[in-house]
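Engineer: Protein chains in written order, with the UniProt record's numbering: chain A, 1 to 618; chain B, 1 to 78.
The reader is advised that the hints may include incorrect statements.
Claimed, not checked - Below are the BS3-like pairs computed for lysine-lysine, each with C-alpha atoms no more than 25 Å apart in a straight line: (1) Lys119(A) with Lys33(B); (2) Lys425(A) with Lys33(B); (3) Lys51(A) with Lys466(A).
What the hints assert, rightly or not - Covered stretches of chain B (chain A as the covering partner; in silico rule of three or more C-beta atoms under 8 Å from a C-beta of chain A): (4) 4-15; (5) 18-25; (6) 49-56.
Calculated from the structure, these hints are not laboratory results. The beta carbon of each residue, even a glycine, is placed where N, CA and C say it ideally should be.
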Amino acid sequence: MSSTVSVNSSRAQQKVVLIGRPNSGKSLLFNQLTGLQQKVANFPGVTVELKSGSMKELTIVDFPGTYSLHSFSQDEQVAIDAIYQALDSDETGLIVCVLDASRLERSLVFGLQVQALAKKHNKGFVFAINMIDDALRFGHEIDVKGLSEELGSPVFALSAKTLIGISEFQQALPDLVKNNQDCIPSRVSESHDDVINRSRQLANHFGMNANVVLKQQNRIDQFLLHNWLGGLAFMTIMFLLFQSIFTWAAPLMDAVESGIGLMAGAVTSILPEGIFNDFLNDAIFGGVGSFLVFVPQIMVLTFIIGLLEDSGYLARAALICHKPLSFFGLSGRSFIPYLSGHACAIPAIMAARTIESPRKRLITMMTIPLMSCSARLPVYALLIAVFIPHQQYLGGLVNLQGMVFFCLYMMGIVTALIVSLVMNKTQFAQNDKSEMPFILELPSYRLPHWKPLMYRVLNSAKYFIKRAAPVIFMVAVVIWFLGYFPVHEGGLENSYLGFIGHYIEPVFAPLGIDWRYGVAILMSFLAREVFVGTLGTLFGIQGADENIAGLAENIQHDGLAFGAGMGLLVFYVIALQCVATVATIRAETGSHKIAWGLVAGYGALAYLMAFLVYNVLS
Amino acid sequence: MLHDTVWELPTKKVAEIVGLQSGLSDAMSNRLKEMGFCGGESIRCIKQCPFNGPKVVELGGAILSIDKEIAQNIKIKM
């Protein structure tokens, strides 16, 4: 057998596949092996797509965590299909099954299933017992040799967190791949019951006493899952999360703002006056620059969500939310997509795959766009700065602008819940009555891994800029040309843009806003943050103020009515203005009708609500 | 003999799992077994969320949260 496979194996079989249960620290191990950072989180089922990275000449592929080879939810089916594909593929040189040292029995159940498959497909197979630092902390040393003999496969004990055993494992991998036919499992469990019994026996013999690990966890849970203290803690954490977006990010935002101001001042003073100077000043610094100011807020939000994920709190939050959310036809598992929807709807919609029930998953996906994503931050921040005074209470702990921010986020969430409730009650969702039950494993509390977390924060900023900057740049340039010509001296009113704007003005007049805001709203159907860039360019051309980054002041001087401003905020809470989100919903649901229906539905609702707010407030 | 189920298990009490109710689908009972709900395992109730919310149990070194539907399908001996 080995002779047929080993032909050309050095070229073909270069792939090392990482498989394991959710939360076995597999993704962190992958990061340590490849140095390539990916999302590492302490919540079961975070990896929904395959990540690959290279280690010397080997390719390492990180598979989504699965509890079993019998799928239960869609993301598991994806993972299981991928595992079977990898087993069939000639490129796969070695399968590494990651076990959790502190939960040996549970991880072995899955490990033994995969081992049997590896044997069936003649693939090399090794076990990597991760998190042995946890075991060592409680004075338990795992008998690697004995366990390896019992399992019939090589076993490595390591810790991806503290790096124990990582370099040994890294050194051993190339040889294991090269001689992969030597590590085809020598004994495997055939039946399901055998797998379960053997896991228990092996864990009893080689594993650690789980009670010690759980003791510390239980103590924290006693507080965080307490009936009312836990609820209070949950509310406090969520409130601080939204407050911090404003307070922590403020100094950074000021820094970016003055940086852009300085740069604009320097550049425009060197260049001779004229069209090109005006273009740089209005379109580049005014348009593109005004949205860069909000990048720090996106980073702070990503940081805090990452912190909650890594620490293990998110699973608790999902548990706390399960009962309240099920009232609206959602599951506790909807909480994580909802929360990450506050950073960006696209990963959130993908994360909804972990919801077992197809119906709840669909409703969750359809309501995620109502979560105030980071693209709305620039719009909220701008309008709040225009209308809400900067006031502090309780010695700076609470500020008024932060509270309004919190209210806007809450409004999005409440709207999402109402929409869910309505969808749940209508015939739309009735075709699938079978309710999938709720099982959730609560991971141990862990300290976050700072390096991957920081990398994620930087990545979020990079991703946001990369995604939005080209669109904003193009819109800014087009808007500037339309607004600057045919005659600059005649002012904005007499430009091409003025004509177009006045043509569409009647549509936006009922909301109390003039044509400039109308143009900005229309442009922001590409992506919401374009709103700020467009207004920045428009006010830049008007030259209301030489201070380019002070767009909020310009709007204040210009005299936008309070009611209209609040109406605009409400509009942005509800409307689905993001081409990328629409594309993602279409891909995940496989339905154009749902995706564009949402754009139309939320658009109409947003318009109606903004109309009501404006008329009530003025 | 009629057994109690995990749903009846009071907070902070330990019981031994007897087995799963017979009405469960294969997929469901396989998954529950894989999660550790097997006969002979001891299970401890850590918390009952208010308003008939999910139960939090300790089982085989892990903390799991299960809703009423599942809890009522796991037979125990107190």
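Engineer: Hints first: check each against the structure and report whether it holds.
Structural biologist: For each hint, the structure was consulted:
1. Lys119(A) with Lys33(B): holds, 23 Å
2. Lys425(A) with Lys33(B): violated, 34 Å
3. Lys51(A) with Lys466(A): holds, 21 Å
4. 4-15: violated (count 0)
5. 18-25: Not satisfied, violated; 0 residues make the cut.
6. 49-56: Result for this restraint: holds, n = 7.
When held up to the earlier numbered hints, the structure conflicts with 2, 4 and 5 and fits the remainder.
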